[in-house]
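*Asks:* Order-wise, the sequence lines are chains A and B.
Position one of the first sequence corresponds to residue 48 (the numbering used here), numbered consecutively onward.
Position one of the second sequence corresponds to residue 687 (the numbering used here), numbered consecutively onward.
Simulated from the structure, these hints should not be mistaken for lab results.
Possibly wrong hints are sitting among the right ones.
To be verified - Taking lysine-lysine pairs in the PhoX-like style, the calculated list, with each CA pair at most 20 Å apart, reads:
no.: 1; chain 1: A; residue 1: Lys247; chain 2: B; residue 2: Lys720
no.: 2; chain 1: A; residue 1: Lys345; chain 2: A; residue 2: Lys565
no.: 3; chain 1: A; residue 1: Lys345; chain 2: B; residue 2: Lys720
no.: 4; chain 1: B; residue 1: Lys720; chain 2: A; residue 2: Lys248
no.: 5; chain 1: A; residue 1: Lys345; chain 2: A; residue 2: Lys323
no.: 6; chain 1: B; residue 1: Lys716; chain 2: A; residue 2: Lys247
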Amino acid sequence: MSKDNNLAAPSRRRFVQGLALGGLVTGLGFNARPLLAAATPTAQSHPVLSGSDFNLEIGHQIVNFTGKEKLATTVNGSLPAPILRWREGDRVRLNVHNRLDTDSSIHWHGIILPTEMDGVPGLSFDGIAPGETFTYEFDVQQNGTYWYHSHSGFQEQTGLYGAIIIDPKEPEPFSYDRDHVVMLSDWSDTPPERIFANLKKMSHYYNRRERSLTDDLIPEIQRDGMNTALSRRQMWEKMRMSDRDISDVTGYTYTFLMNGQTPATGWTGLYTPGEKVRLRIINAAAMTFFDLRIPGLKMTVVACDGQYVQPVSVDEFRIGVAETIDVIVEPTEQRAYSLFAQAIDRSGYAHGHLTPDPALRATPPALDPAPELTHMDMGMAMDAHGHGEHSSHDMPSMGTDHSLHGMSAPVSGMMHQDHAAMPSGQTSMSHSNHSSMAMDHGVMTHDHAMPAGMQHGSGHGHHGSGHGAVPTYQGHPLSAGMTMHADSEYGPHVDMRAEDPQYRLDDPGVGLRNNGRKVLTYADLRSFYPTPDTREPGREIELHLTGNMSRYMWSINGIRYADAEPIHLQYGERVRITLVNDTMMPHPVHLHGMWSDLETGDATHLPRKHTLVVQPGARLSYLVTADARGEWAFHCHLLFHMMGMFRKVVVS
Amino acid sequence: MKLHKHWPLLALLTPSLALAGMSDDPVLGKLDVKQLEGAYSEGDTRLNWNIEGWLGTDFHKLVLTSEGSRLDGRSEEQELRLFYRRAIAPYWDLELGWQHEPLTDSRDDRVLVGVSGTAPWFIETEMHLLAGPGTDLTAELSLEREIRLTRQWVLSPEVGLTAHNFSDPNEHQGSGLADLHLELRLAWEIRPDFAPYVGVSWERKLGDSADLARDSGHEVDETRWLLGVRFWF
């Protein structure tokens, strides 16, 4: 096994745009020297810092990804920031010096550490003032692939992110000959404050794929006939929503980067045919989900969010913002493979070359068609019309026997959407998977009345108490049941609520359904190790991810962070957190300081994650052992959602 | 109007402790030049404008609008409105404020009450009631919808109706339905915030207003060709 990170791949072609940064920041923390002047073919070497003592300097750096010179926020003058290589069991000490003229911070994403080392200004510490140095020091108690980023302002968008590799104490449960970090990100020449303001003033500013007459409606009428095409439009038009609303910020402004390289320059990862190559894929984007594949190669997923999973062979996976996925590939041929990471909305891609020879370059495949949201993504039950991607195959919904809850089930399955007349006839809820997901609702005593606590934003809803003697994999409420929405979810700040949010763990997600490739889903993830804490959760906290897209407001349970009470966890307790996504876009939700054991149905091997993607109109649940005292952040990791969709979690 | 006396300052003071200077609801400003156009008909060319500026947060905005036209370097019509806009539903805002017409000596300032927002089918809707002096009332309705022809070419039909409960012969305003506007603009959206356009407008006086106009020898309808630009920042 090579411990070198083979990021030093020479590129024989030089491009004006997007060359990697080199050189350390000079004394002023601002390196005005353009970095494009290398006259000889440059090695795209990416700095790797290893050991237990690190000096990191946050500063500004001129970059050029689009043909224009812009100022990035970097660590040691490098974008992405240097790869940090730690050893499990070490105590690491990181001196972080801030050369910016504003406060900064570094958060070690997914790392289990004391709260005061977590790097969230206002929660764990005061931030790092200009000119100051903060020393982080903690024991490394885990291994795998993680990352770090600023938790101040919008510095993450402008480049302050880097990879962390923690080498394990014990041998890994798989072998490989070399490894590469593949860090995906999104760069914009527009300052992030301006992007955010643009979204507030015109929420669809960056969506340049809005439906049009010539590009969409006329071809659809020709293909499907006038009635079908028009009735399909009707629902969305009445709801004042767009089924093309996939990403808030798109390739219209973003250049997608792989290890800091544009698609034009293309990051290069080397291998020798016959080798097993471990790719440590990290989504460090501010706003972009990527769908990654390597045409011609199967990928074996061996770890997710740094934690080993039982190997799964896939063709493709979607990686949410802040997630990490480790795969092993075994290229045998003497040819270049395309590392192709297309943005979820297909407005662009990050691209690299996995090649035995830097002279061999891979051609990226064509972008897939732009995805369109379906009823399922709106949290509605399936209807019989089968809009596009639907089929019985990709219907991961679990059958629900509402009668056992003794409530009038909303079988019509319509999402509550304000002031919208809804089309009728969508009443056929699918029970196709009923048998495979038989639930014993008799033993579940969920209290579906909305407790007052939730309306105050602390989210102490649904004190599930009846799981006692039942093994979790049977008692786990994989079927949704009826969904209640707090009073705080009604008002000008929330534009929709999922009426029938389903567990869609085996749903690859919009744009990936039935594409002929084996796409990783959360249902495929089984932890390599048995679930460490096998206690039943003592209670359940249900949180709804809410927002108003057109006003560009984001909240949890309809309450933005500034107005919210913290969520209190009792030290040592095991708690179930259920997330319901009342919006039309996936949200990657990150809990700091503690692991999130994603409930996939097999309670014995719950995958441990730090960031969980809740699909639009869906729900999922996970178990948390509150084993870390202090104040922790809990938030959507989409940068422009975070400020509202955020909670303080207090463990005491 | 005590309501919007204090809110911008309050919003500025909102602490955002855990996020170091980031607010989910910052005070922003927008200057939206919705229409800035030459309007041609036989004989004369007007310069029309419809500009809205606001300062505020997600829910609370202070809005100043100016709408008017100039002919031969002289302002013909001008309306200034200053109002508070508050979100009341996911797609709707309530508006409360004043209207001032700088060019009309006879007309006092009027109180403005309105609702604006997006109706189903993405119909941008504005409803305003102007009150004063005394019991004089004017109601306005405006509906507009964007029809995206291609990714960059956008057709925007707009219809407007005005009605009064009073007569003002000097201004050719009669009681009842007074005025119908139909406008159609075809914009080339070079950027989401910059779009030159061509268009046509047709305006017709109705009912008593039409009679008053006719009696004083004025036209009751008017068609104009438009060439203009929309931009905002």
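*Asks:* Would you mind marking each hint as holding or not holding in the structure?
*Replies:* Going down the list of hints, with the structure as the test:
| no. | hint | verdict |
| --- | --- | --- |
| 1 | A:Lys247 / B:Lys720 | 17 Å, holds |
| 2 | A:Lys345 / A:Lys565 | 9 Å, holds |
| 3 | A:Lys345 / B:Lys720 | 53 Å, violated |
| 4 | B:Lys720 / A:Lys248 | 14 Å, holds |
| 5 | A:Lys345 / A:Lys323 | 12 Å, holds |
| 6 | B:Lys716 / A:Lys247 | 10 Å, holds |
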